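Chains as they are written, first to last, in UniProt numbering: chain A, 1 to 123; chain B, 1 to 163.
Quick caveat, the hints were computed from the structure, so don't treat them as lab data.
The structure displayed is predicted, hence computed values, not measured ones.
Take the hints with a grain of salt, since some may be wrong.
Unchecked claim - Distance ranges between label pairs, derived from CB positions:
1) B:107 with A:12: 32 to 38 angstroms
2) B:97 with A:59: 46 to 52 angstroms
3) B:22 with A:13: 43 to 49 angstroms
4) A:15 with B:50: 28 to 34 angstroms
What the hints assert, rightly or not - Chain A side only, calculated, beta carbon under 10 angstroms to chain B, not exhaustive:
5) 64
6) 65
7) 66
8) 68
9) 70
10) 85
11) 88
12) 89
13) 103
14) 107
What the hints assert, rightly or not - Distance condition first, Cα-Cα at most 30 angstroms in a straight line; then the derived DSS-like pairs of lysine-lysine:
15) B:140 with B:123
16) B:73 with A:50
17) B:123 with B:73
18) B:58 with B:97
19) A:63 with B:140
C-beta atoms are modelled at their ideal positions from N, C-alpha and C, and glycine is treated no differently.
Listed here are the chains, written in short residue letters.
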Amino acid sequence: MTDPEDAADAMFRALADRTRRDILRRILAGEHSVSALAEHYPMSFAAVQKHVAVLERAGLLVKRRHGREQLASGDVEAIRSVASMLGELEQIWRGRISRIDELLTTEKTGTTDITNNPTPEEK
Amino acid sequence: MPVTDVNTQAEARTLTITAEFAAPVERVWEVYADPRQLERVWGPPTYPATVVDHSLTKGGRVHYYMTSPEGEKYPGWWHVTSVDAPHGFEFEDGFAKNADDFAPDEAMPVSQNVYRFEDIGGKTRATYVSTYTTAEGLQKVLDMGVIEGSSQAINQIDDLIAS
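With the hints as extra help, turn the sequences into a complete structure.
Now the structure itself:
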């Protein structure tokens, strides 16, 4: 297998394009034929195929043949991808909670003032 | 660490965070009931929040915006759907088109939120549940850039590759 850093580079490069992110969202929701995908974008079928190939090389998309059609689906399992999105959201929450904690602690170690008057040293 | 549990339900696109604060329930409630305190905990330090309107009552609205380091405003709103002071409240959280009248941006996702504050011997256990309707909505929120999550996102993709 390739170097994980190279694999990460390929993945980020693939995700750096808005059309490719959009393709990925669609195929994570369900299998799509490349021609069905192409209908969504104001570009040629060949251009969409190129985007599909970039996603495929990055390991984000798998293709299979079904009769004459090529069907693309998300290789990173949809659930896992949503799980990592929730993981990102978790970081917002960790930030918020540590700020609440700070707010509550600052007040306690401060003066006996427990009213809502803003303390002057606060920014 | 005040965060005691994190539970993600990917199928339901729900994130549940449980935290414990060394303060009574009433004090934690006040953080949300007082707009000046709320704005200190809502936006990340690099995107501080400003609460413009604040009505933490059933049917009430809260309007806020976050300011980016470049001075760009990201306006948002809460629509409060249920209040049980000081034990918790429920609301919808969405994006607004502008920071003048805070008209909802229909193109942006709305999350359903349930916050609960429970007394555990003078301390407070807080439970925050946020649910997004679609995976796409969730991604849009993350794409907004109003969060400090990008480095964590990169770490996660690295983890994913390494696993």
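(request) Find the hints from earlier in the document that the structure breaks and name them by number, from lowest to highest. (result) When the structure is compared with the hints, numbers 1, 2, 5, 6, 7, 8, 9, 15, 16 and 17 turn out to be violated.
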